[in-house]
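Those sequence lines, one after another, are chains L and R. If you use the numbering used here, the first sequence closes out at 233, no skipped numbers anywhere. If you use the numbering used here, the second sequence closes out at 234, no skipped numbers anywhere.
Because the hints were derived from the structure by calculation, they are not lab data. Check each hint, because a few of them may be wrong.
[As the list claims (entries may be wrong)] The following label-pair restraints were derived from C-beta to C-beta distances:
{"hint": "1", "chain 1": "R", "residue 1": "I168", "chain 2": "L", "residue 2": "R60", "range": "28 to 36 Å"}
{"hint": "2", "chain 1": "L", "residue 1": "E38", "chain 2": "R", "residue 2": "L21", "range": "21 to 29 Å"}
{"hint": "3", "chain 1": "R", "residue 1": "E167", "chain 2": "L", "residue 2": "Y50", "range": "29 to 37 Å"}
{"hint": "4", "chain 1": "L", "residue 1": "T160", "chain 2": "R", "residue 2": "E167", "range": "32 to 40 Å"}
{"hint": "5", "chain 1": "L", "residue 1": "P49", "chain 2": "R", "residue 2": "N136", "range": "32 to 40 Å"}
{"hint": "6", "chain 1": "L", "residue 1": "E186", "chain 2": "R", "residue 2": "L21", "range": "53 to 61 Å"}
{"hint": "7", "chain 1": "L", "residue 1": "F121", "chain 2": "R", "residue 2": "N188", "range": "19 to 27 Å"}
{"hint": "8", "chain 1": "R", "residue 1": "A112", "chain 2": "L", "residue 2": "L62", "range": "55 to 63 Å"}
{"hint": "9", "chain 1": "L", "residue 1": "Q28", "chain 2": "R", "residue 2": "N136", "range": "39 to 47 Å"}
[Said to hold, decoys possible] A few chain R residues facing chain L, derived, Cβ under 7 Å:
{"hint": "10", "residue": "L22"}
{"hint": "11", "residue": "F24"}
{"hint": "12", "residue": "I62"}
{"hint": "13", "residue": "A151"}
{"hint": "14", "residue": "H222"}
{"hint": "15", "residue": "V228"}
[What the hints assert, rightly or not] Here are the simulated lysine-lysine pairs, DSSO-like style, with alpha carbons at most 30 Å apart:
{"hint": "16", "chain 1": "L", "residue 1": "K74", "chain 2": "R", "residue 2": "K56"}
{"hint": "17", "chain 1": "L", "residue 1": "K69", "chain 2": "R", "residue 2": "K68"}
{"hint": "18", "chain 1": "L", "residue 1": "K32", "chain 2": "R", "residue 2": "K84"}
{"hint": "19", "chain 1": "L", "residue 1": "K69", "chain 2": "L", "residue 2": "K230"}
{"hint": "20", "chain 1": "L", "residue 1": "K74", "chain 2": "R", "residue 2": "K84"}
{"hint": "21", "chain 1": "L", "residue 1": "K189", "chain 2": "L", "residue 2": "K115"}
{"hint": "22", "chain 1": "R", "residue 1": "K220", "chain 2": "L", "residue 2": "K69"}
{"hint": "23", "chain 1": "R", "residue 1": "K87", "chain 2": "L", "residue 2": "K76"}
{"hint": "24", "chain 1": "L", "residue 1": "K48", "chain 2": "L", "residue 2": "K74"}
{"hint": "25", "chain 1": "L", "residue 1": "K216", "chain 2": "R", "residue 2": "K56"}
{"hint": "26", "chain 1": "L", "residue 1": "K189", "chain 2": "L", "residue 2": "K201"}
Beta carbons are placed, not taken as given, at the ideal position from N, Cα and C, and that holds for glycine.
Listed here are the chains, written in short residue letters.
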Amino acid sequence: MRFKSAKWMLPTFLVAVVLGVLISVQFQAQQKVNKAREVSVKRAEEIKPYIQQAVEEKERLLKEQKEIKAELEKYKNAPGGASSEVKAEIDKIGILNGETDVEGPGVHIEVDDRKVLSMLFPIQDYLMETINVLKYAGAEAIEVNGQRIGARTAIVSSGTNTLINGVPISRINGTHWEIEAIGNQEVLKNYVQTLCVDAYKTQLDLNVTITPQVVKISSAKDTNEFSFAKPTN
Amino acid sequence: MSWIKKWTVIVTICAFLVGVLLMFQLKAQAIANQGQPKENLLQTVMQYDLENAQLKSDNKKIEDELNKYKEGVDAALLADQQLKRAKQIAGLNPVKGPGVKITLDDSNQKIADPQDTALYIIHEGYLRTIVNALWNANAEAISINGQRITANTEIFCNGNNILINREIQTPPYTIDAIGDPQSLKAVNFNNKFDFANLANTYGIRFEIEPAKELQLPAGKMHQYTNAVPVKEGK
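If we strip away everything but chain L, and leave its shape as in the complex, we get (with noise of 0.2 Å):
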């Protein structure tokens, strides 16, 4: 094909040199974005030995602590110790306080909130807006990812992050939010489905489940500094 007419040739060519150097920014682009992603999956190498130790650490600590739980408990219930009252006593606060692992009847919460825009609903709200929910329903225990919700228990953004119990919740390839709580399993379900699921149904695409089953949850960790509330009695 040839254009006999000159008119052509200028837009032709300005059309040209456009596309080249649309061409050329988006080549340079693509090379920096290859760049930034093997520098990301190198760092994310280079942290996944990190993890795997710190997963093996965390392991580790809890086994000990199991075994040092189970000597204190033989210590304990030696002949001549303290009384069974006050050992019940001690057992029964401990629910309270969140120092005991617990184990019950109670629901299993799955909150998927990944299609819902955090700027429009902060899942912090959402999360103790549930539990409170949860607190009303007669709930004995709860657990947010594996953090005990005791009464000193804080949830805040931080950036982009949920900090609970202090503790960043990570949410890495996409882990719902799973919140255990034991209780009355029909009232918790019944509860949370008319206050936390249904109330919001039609203003966001939140995916909860709550499915009833036998819950453990772990005790707190002890960060119950007091310097300043004395005791008066």
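Position chain R against the provided structure of chain L, taking the given hints into account.
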């Protein structure tokens, strides 16, 4: 070749090139998006580090307790000490100490627009938000209208009132928090609700003042019928 045919060729070539560019752009975007989970990896590292540090601290405390038993310290005395500490953490002891006193009350102003009625009254969400912010600022004990906040305390809307520990509370709401008065007074409570604006525009009362000594009552023990302690070694 007519001018229409010439343009058809040019437009086809341009469309092809734009298509190629678009494809590269989408690919680059997809790659850029793949970079996101790496941030979560750092978050995971932080989470494990903090959890492991807490576990180490816990293990040390349990081991210290075990050593006391091994050293022959009176088991009954140790149990008594443990009971006292357990009560304090649970909020079952009355406590005193410095902190802040926060007062919230419904507005006395005449409601200008009936649609804004909700802006003239104190809601349970305000109290929950303030309590959460106080815990985050290391408050050690909190009560609202004399109701001590424990792990089982709900702050729940009950029509015109608010239920706390299943007890009906009416305004004004007084929040007493024991902790470092300076830290507690410096908390920014306006993150979620703009209390300053609600006070200025609609006349709700929101006051915070440091207190040299607050007296907080003991919390209530919950009746546990479902949760059973899991004992190690059994």
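For each hint, the structure was consulted:
1. Distance hint check for R:I168 and L:R60: the Cβ-Cβ separation is about 50 Å, which falls outside the suggested range of 28 to 36 Å.
2. With their beta carbons about 23 Å apart, L:E38 and R:L21 fall inside the hinted range of 21 to 29 Å.
3. Our hint of 29 to 37 Å for R:E167 and L:Y50 is violated, since their Cβ atoms are close to 49 Å apart.
4. Between L:T160 and R:E167 the beta carbon distance is about 38 Å. The supplied range of 32 to 40 Å therefore holds.
5. The beta-carbon spacing between L:P49 and R:N136, approximately 33 Å, falls within the hinted interval of 32 to 40 Å.
6. About 59 Å separates the C-beta atoms of L:E186 and R:L21, a value consistent with the hinted range of 53 to 61 Å.
7. The hint said 19 to 27 Å for the Cβ distance between L:F121 and R:N188, and at roughly 21 Å that hint holds.
8. Checked against the given bound of 55 to 63 Å, the beta carbons of R:A112 and L:L62, roughly 59 Å apart, stay inside it.
9. Our hint of 39 to 47 Å for L:Q28 and R:N136 holds, since their Cβ atoms are close to 46 Å apart.
10. Using the Cβ-Cβ criterion of 7 Å, the hint placing R:L22 at the interface with chain L is not satisfied: the shortest such distance is roughly 9 Å.
11. At its closest, the beta carbon of R:F24 sits 5 Å from a beta carbon of chain L; the interface hint therefore holds under the 7 Å criterion.
12. Given the 7 Å rule on beta carbons, the hint for R:I62 holds: about 5 Å separates it from the nearest Cβ of chain L.
13. Because the closest C-beta pair between R:A151 and chain L is about 5 Å apart, less than 7 Å, the hint holds.
14. Proximity of R:H222 to chain L holds as hinted, the smallest CB-CB distance being about 6 Å (cut-off 7 Å).
15. Checking R:V228 against chain L by beta carbon gives a least distance of about 5 Å; that is within 7 Å, so the hint holds.
16. With a CA separation close to 22 Å, the supplied pair L:K74 and R:K56 stays within the 30 Å bound.
17. Using a Cα cut-off of 30 Å, the hinted pair L:K69 and R:K68 holds, with the two alpha carbons roughly 14 Å apart.
18. With a C-alpha separation of about 62 Å, the suggested pair L:K32 and R:K84 falls outside the 30 Å cut-off, and the hint is violated.
19. Using a Cα cut-off of 30 Å, the hinted pair L:K69 and L:K230 holds, with the two alpha carbons roughly 28 Å apart.
20. With a C-alpha separation of about 21 Å, the suggested pair L:K74 and R:K84 falls inside the 30 Å cut-off, and the hint holds.
21. With a C-alpha separation of about 23 Å, the suggested pair L:K189 and L:K115 falls inside the 30 Å cut-off, and the hint holds.
22. The hinted pair formed by R:K220 and L:K69 meets the criterion: a straight-line CA distance of about 28 Å does not exceed 30 Å.
23. A C-alpha spacing of about 18 Å is found between R:K87 and L:K76, which places the hinted pair at or below 30 Å, so the restraint holds.
24. Our distance criterion of 30 Å between C-alpha atoms is broken by L:K48 and L:K74, whose separation comes to about 39 Å.
25. Our distance criterion of 30 Å between C-alpha atoms is met by L:K216 and R:K56, whose separation comes to about 22 Å.
26. Taking the CA atoms of L:K189 and L:K201, the gap is near 16 Å; set against the 30 Å cutoff, the hint holds.
Against the hints set out earlier in the document, violations occur for numbers 1, 3, 10, 18 and 24.
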